[in-house]
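Protein chains in written order, with the numbering used here: chain A, 26 to 899; chain B, 26 to 899.
Among these hints, one or two may not hold up.
Since copy identity is lost for identical chains, a pair holds within one copy or between any two.
[To be verified] As a list, the in silico SDA-like pairs of lysine to any residue whose alpha-carbon atoms are at most 20 Å apart:
id: 1; residue 1: K673; residue 2: D497
id: 2; residue 1: K670; residue 2: V506
id: 3; residue 1: K385; residue 2: F591
id: 4; residue 1: K364; residue 2: S739
id: 5; residue 1: K847; residue 2: P219
id: 6; residue 1: K217; residue 2: R499
id: 7; residue 1: K680; residue 2: F809
id: 8; residue 1: K830; residue 2: V846
id: 9; residue 1: K39; residue 2: K673
id: 10; residue 1: K834; residue 2: I776
id: 11; residue 1: K185; residue 2: H93
id: 12; residue 1: K670; residue 2: P652
id: 13; residue 1: K408; residue 2: E594
id: 14; residue 1: K187; residue 2: Q28
id: 15; residue 1: K214; residue 2: K670
id: 16; residue 1: K841; residue 2: I776
id: 17; residue 1: K447; residue 2: D553
id: 18; residue 1: K385; residue 2: Q313
In short, the hints are calculated from the structure, not lab data.
Number of protein chains: 2
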Amino acid sequence: MAQYIYSFENGDGKNKKLLGGKGANLCEMKKIGLPVPDGFTITTEACTAYYTNDKALGAELEAEVFEHINQLEKVMNKTFGSTEDPLLVSVRSGAAISMPGMMDTVLNLGLNDDAVIGLAKLTENERFAYDCYRRFIQMFSDVVLEIQKFHFDRALDALKTKQGVEKDVDLTAESLKALVETYKEIVLKQTKQPFPQDPKEQLLMAIEAVFRSWNNNRAIVYRNLNNIPHNIGTAVNVQSMVFGNMGDTSGTGVAFTRNPSTGENAVFGEFLMNAQGEDVVAGIRTPQPVSELEKVMPEVYGEFMETLATLEHHYLDMQDVEFTIERSKLYFLQTRTGKRTAKAAMKIAVDMVSDGIISKEEAIMRVDPKQIDALLHPTFDEKALEEATVITKGLPASPGAASGRVFFNSEDVVAQKEKGVKTILVRTETSPEDIEGMVAAEGIITARGGMTSHAAVVARGMGKCCVAGCGDVRVDEVNKVFYVYGTTYREGDFISVDGNTGTIYEGQLNTREVEMSGDFGLFMSWADEIRTLKIRTNADNPRDSRQAVDFGAEGIGLCRTEHMFFEEERIPIVREMILSKNIDERQEALERLLPFQKEDFIGIFEVMAPRPVTIRLLDPPLHEFLPHLDEDIEKLAEDMRISFKELKQTVEELKEFNPMLGHRGCRLAITYPEIYEMQARAIFEAVVAVVKSGGETPVLEVMIPLVGHEKELSLLRALVIETGERVLEEAGLQLDFKVGTMIEVPRAALIADDIAKHADFFSFGTNDLTQMTLGFSRDDAGKFIGEYIHKEVFERDPFASIDIKGVGKLMRMAKKLGRSVKPDLKLGICGEHGGEPDSIAFCHELGFDYVSCSPFRVPIARLAAAQAAIREKA
Amino acid sequence: MAQYIYSFENGDGKNKKLLGGKGANLCEMKKIGLPVPDGFTITTEACTAYYTNDKALGAELEAEVFEHINQLEKVMNKTFGSTEDPLLVSVRSGAAISMPGMMDTVLNLGLNDDAVIGLAKLTENERFAYDCYRRFIQMFSDVVLEIQKFHFDRALDALKTKQGVEKDVDLTAESLKALVETYKEIVLKQTKQPFPQDPKEQLLMAIEAVFRSWNNNRAIVYRNLNNIPHNIGTAVNVQSMVFGNMGDTSGTGVAFTRNPSTGENAVFGEFLMNAQGEDVVAGIRTPQPVSELEKVMPEVYGEFMETLATLEHHYLDMQDVEFTIERSKLYFLQTRTGKRTAKAAMKIAVDMVSDGIISKEEAIMRVDPKQIDALLHPTFDEKALEEATVITKGLPASPGAASGRVFFNSEDVVAQKEKGVKTILVRTETSPEDIEGMVAAEGIITARGGMTSHAAVVARGMGKCCVAGCGDVRVDEVNKVFYVYGTTYREGDFISVDGNTGTIYEGQLNTREVEMSGDFGLFMSWADEIRTLKIRTNADNPRDSRQAVDFGAEGIGLCRTEHMFFEEERIPIVREMILSKNIDERQEALERLLPFQKEDFIGIFEVMAPRPVTIRLLDPPLHEFLPHLDEDIEKLAEDMRISFKELKQTVEELKEFNPMLGHRGCRLAITYPEIYEMQARAIFEAVVAVVKSGGETPVLEVMIPLVGHEKELSLLRALVIETGERVLEEAGLQLDFKVGTMIEVPRAALIADDIAKHADFFSFGTNDLTQMTLGFSRDDAGKFIGEYIHKEVFERDPFASIDIKGVGKLMRMAKKLGRSVKPDLKLGICGEHGGEPDSIAFCHELGFDYVSCSPFRVPIARLAAAQAAIREKA
């Protein structure tokens, strides 16, 4: 039989898997000689055994529990149920991975009709003893016996009314004694059993209740949200009680070894004298800063500060502790690695490295990449938030915080911007036509769409705050109002958008702007030293490129040329091109587009050179550039001086059943090579212009999208190279450039050896590759992906983090096949996944050269790449 | 240096690759001692060398040609350009794979100002000699010198006018002499060179012209259409001329050793006395049946019949020969395997087997599976076709022939059918809502959509003739007319649809009905003996099931349950189910659907048992069952007594950007398990009903569509099994049934080992697998697939024949992974590819258990499977 119980003296403080986090830390503290009330830990394996054993503790475990209780009685020189000096214990859950507040705790276990007398003697406070007892009955009944709380609340209220008092504290010892009797009657009535008087029975019942709480709803939801396995169980810690409320030489508090908000290297905490832990939390009395303890109990304070230093030194990280002083004796009830803000995490890591406490690698591993984002975006002032009225919640689609007036379409937003009015763009969903409005608005709200909807992707790319998929919002774009249940919000109303939390508030809220401290730069430079993956960015214009370079991007991994087509001056020409009836008309329109594209590329090259720039040729289906509503078609027909009927028919003809799998990407160029030819000319003419004007020589990579067959690539590669060489030759220039392809169609991955023959690089378009490999339309999957995650079909949204088993298998295959032909084939990724830490780790594992992500994700990616490199060495 | 020329005596009659088909056959005939005019063959390698040699013959080839001409002069005892007995030759192309009429031929080469005198002497006919000469100049000028024909036609017309004659034959020898001079002047004027008088120069020029003709436009298009490689070149045959027009003891003709139309074992052919080959073809004189030759020249006839017998016996197949009699001497100019109708092919194969000439295996290999289809469908009477007016052409989407009155929607077609009126349904494109009309119509025409559009797929499934994608047709469904350029066709007009050729005719044409002869049954029984693949069918109702069993289906591989949802009584309930606001309402609607589904299954089981039936649970997205046009939504809202606005909103909410990748297949059942539960109940209750009523026990396989993750399958498999066991238990029955899945999402193929753990079988849905692997929407790919095939990106439409390199790789992977877990995992295919011979061969190679295809493709599949088995052994 396995050993299911370890006393704190004997447990292995490193084995969190077996003892849970709390249990392991208690053992560890005991081991390094810190004052920890004695007790023992029942292992997570016992919990698992409980579940496999049809939810029974089993005789062996029970025997082991009693043996440890006997030991505890001896060590503490106290006895369960004693009327003189009763042993009281706490029973707490403690899983291997922290799940704060998700499971149950029972305090003061051991109290019964006898022990309460002992407790009164010990504390010389009968009122306190009975108050403990009635609280214990209530807590035990709730947690263990599962009796609903209102029964006890009603009895308490009735008693107070009877006694004519308002507060609990005004009840006398006698009243509380009577209350205990009433409570016991409630238990008898509800469970048909008297309240258990045997402390050992109480203990077994409490242990079982903690085991059960592992599978309560809260806990399951929490584990789903945090990707914690469901089969690892919780440990149970049984610890002798100490009391902070035994008079003026007792007290209790919580503390951090450093400031968890700023990271400052100074103990930060609060305490209350003559109080129990729950009083600190309840907020009835105002706790004092922990520094005040020096005045109250200088010796205890000295020991306290020394112990904190020991703990931090032992764990080599900032600790979050709970402590209790019982009659001038200091006890530590818990220690754990302290949660901290991103800013604090950064500062603590940097300080600890400069103090020689940890290595740079350890520092890098200490900061969660996901936290970094918070450093790059404004947030609402915390004070302001406390008083703000919440309108609704949606998905935190793009971080940041902004206030402004509500407007419902791009034109209005742009017009307001010109007047200097700050706006929030509110739409049912956005489409590429909304780009200008999205640029001009302070923040964006959509009623539909998920974390990877158009609005979300584009907003993240811009670093603009966005809340998407606000299911409760009904947008009436025609009448320029939106409804949230009964309430109506009109054009011009002020609202505030918190993209960090997904919350929408009424009115204007103060924001705190981004502070890029020196710690950040230093910390990120360590990440840069360590990582081997290059980090590039997805950027389509000089502004985003500049932003990304500021954030540390080493090149552009994806420059989407179509975004340039949507701008006001250009879209009419693009439409003429699409509606042209023959190749001559199309050539003519393309000729007029060329200077615009060239100008764009010049701007980008000027920012980026000598960093590499990967330009993807036109990708979306042509119908995306045409209007779809009759009224817009009518307007365009007028502008273009063609008949509505004709234009409508073209729009209808171009419409596709599944545009995702339609006439787009390189398929456009197989049918209309002149489009890519124009783009190639614009690119190379831009290179020439930059070089001729004395700028640094651009490092150019041209990328062909949506390739599935080697012939597509070989034909279009030839087109790009011929066009490029012609332009360069005319200018008398030589340039070393690359032509490569996206790997985003499953077939391309399957035949990557053939594709590689014509490619200087592969860039994995994991958005589309995920769509096609899983058969999930990103725009439609919102309808079922929630249910899929709820039913644990997928653990995580495959559009957020690469589906390693499926999509990852194709990526691995493509890498192997591609490099079998060209061992030095450059590999990268430019989907949304390029900024997601687990996906970045996977790319590192595959031996990719770079990942590319939106500018605001570049720092996250730099850190994640460094962590992947460290993990690989470990 | 390679040997580039073989005399007919020396060439290897088996080596068609080197000598071309015609050359090899000439050598072979020579070898077995048949009377063939002497000559030689220039190899296909010489042609390839010509192209790699910058289109020059080269001195070595020229020397070899002259050497062989010298030999020929010796053997024939004739001399090039002789005024006494000139050697004249024909120069003909002859590729390894027959390309009839695609390349060029020159006859009577060797004629010049001297030789024409010799020819006149020999034939004792000066007029004939000069007529030959002027024809030779014209032919040589056209083929070799590339002078446009009209120059010569004009000169001829001018001469006739001058002479006051109407017909060529009325021109005198003197006139023709003058015409020869005029022709030579034309040549001089057009080419700045005199007409070449040196026969050797003529010969080299003619050889080069034949080489060039390999790459003329016609030939390239033909090769593309017939999947013939472009780099294999043509051989050139130089053969001494013989003349069938040297008087009453000369003649010429063509013949088949058996009847190519019926297959009857009797020589079939025609001849003309005193005529050249072109006279037979030109149709100026009416040829006589070859049997008449017996009366005219009994000895020659005897030799002729004997030779034909020799030839057929030698080649072991029906032959198609050209022959010439020159002054009572019989010559054979060509023999080749004769083309034949499907019916003839079948009869000849069966006769040859019963005569012990060939084996069953050889017989099976002799019939092209694609031909079989013609035996299963009506065709138009050939006579009727000759006089019919063509309206337009489209894609031959589903074979058969039918006439009827034009109608434009399902309701009208159904109403007419009830009145006994035969109709043709004409639509821009069809959707599932048109099913009833498609059933009721005689034939279907669509203006849009390809070979795998809805109309095409459904029509083929029904065995109904359909012409799809008639690009010139504009359908105005509102006004019930269609236009083809200027012409208008109205509701009620008669038209005729030829699904075999894709042609639409005006008026009513007579059809020839299907004759299923005894030969067919016997032949197919041999195929069944030989093949190892099982052949199943895709059928959704008893009618199609019956049809498929008649055609030899051994089970149902795909029964689509959604087709049953569209019928008139059911669709309102389906819509209620979709529009239900909660699970109770949905359950209630499902409860009312259940009896219908159950009834369907009973009908199918009764037809099929004890053959296996694979039932696929609901697959399409729910919005397919709702109307999309405002007027239809309004009508439905009225029927359902809900507001238009509410219904419209639901329709909008259910709409998807990419329905192909949307909320469909098993995803529906992950979100609404009650749908599959109802279907499972209906299936098992149907089984119970059949068994209880004394029917044969159904062999049931339940199939879960669109699985991409093992969890989807494990959850839904459990649902089906639990539901089924409950129904069976209540009925006190036991049944061995299978639950399996479609492999149609690429991810499923990638993780097929995990999927296989929960599957009793895999059925590859190659339509969807192709869509997702290639990223081609089947409904949209029509916009670019033509260009893709034209530019040789794909050799064939991947929706017609499996893309073996890409999709096939996934299939191979899935097979390997799946069988690694379950070595006896049953594998099949149920996409459109299941009826395509090359795809069937691939499934055979992969070791699949069965293919499933529409009923009318079952015989094709049986034959193709047998051929694959034979090829594997070879």
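Indicate which option fits the pair K39, K673 if close means a Cα-Cα distance not exceeding 20 Å: within, between, both or neither.
For K39 and K673, neither the intra-copy (70 Å) nor the inter-copy (61 Å) Cα distance is at most 20 Å.
When no copy is named, should K187 and Q28 be tagged within, between, both, or neither for a Cα gap of at most 20 Å?
Neither way: K187 and Q28 sit 53 Å apart in one copy and 124 Å across, limit 20 Å.
Regarding K834 and I776, is the shortest C-alpha distance of 20 Å or less found within a copy, between copies, in both, or in neither?
Answer is both; intra-copy 14 Å and inter-copy 9 Å each pass.
When no copy is specified for K841 and I776, does a C-alpha distance of 20 Å or less occur within a copy, between copies, both, or neither?
both (11 Å within a copy, 18 Å between copies)
Please sort K214 with K670 into within, between, both or neither, judging by C-alpha distance up to 20 Å.
Classified as neither: same-chain Cα gap 79 Å, cross-chain 54 Å, threshold 20 Å.
Check K408 against E594 for me: Cα-Cα at most 20 Å, and say if that holds within a copy, between copies, both or neither.
neither (45 Å within a copy, 63 Å between copies)
Using 20 Å as the alpha carbon limit, work out where K217 and R499 are close: within a copy, between copies, both or neither.
neither (52 Å within a copy, 82 Å between copies)
First find the shortest C-alpha distance between K447 and D553 inside one copy, then the shortest across copies, and answer within, between, both or neither for a cut-off of 20 Å.
neither (37 Å within a copy, 77 Å between copies)
When Cα atoms must be at most 20 Å apart, do K830 and V846 count as within-copy, between-copy, both, or neither?
between (24 Å within a copy, 17 Å between copies)
Can you tell me if K670 and P652 fall within 20 Å by alpha carbon in one copy, between copies, both or neither?
within (14 Å within a copy, 24 Å between copies)
Tell me, please, which holds for K364 and S739 at an alpha-carbon limit of 20 Å: within, between, both or neither?
Answer is neither: 54 Å inside a copy and 39 Å across each miss the 20 Å cutoff.
Given a CA cutoff of 20 Å, do K670 and V506 count as a within-copy pair, a between-copy pair, both, or neither?
Answer is between: at 18 Å across copies they meet the 20 Å cutoff, but 32 Å inside does not.
The structure fails hints 3, 4, 5, 6, 9, 11, 13, 14, 15, 17, 18 (numbered hints given earlier, in ascending order).
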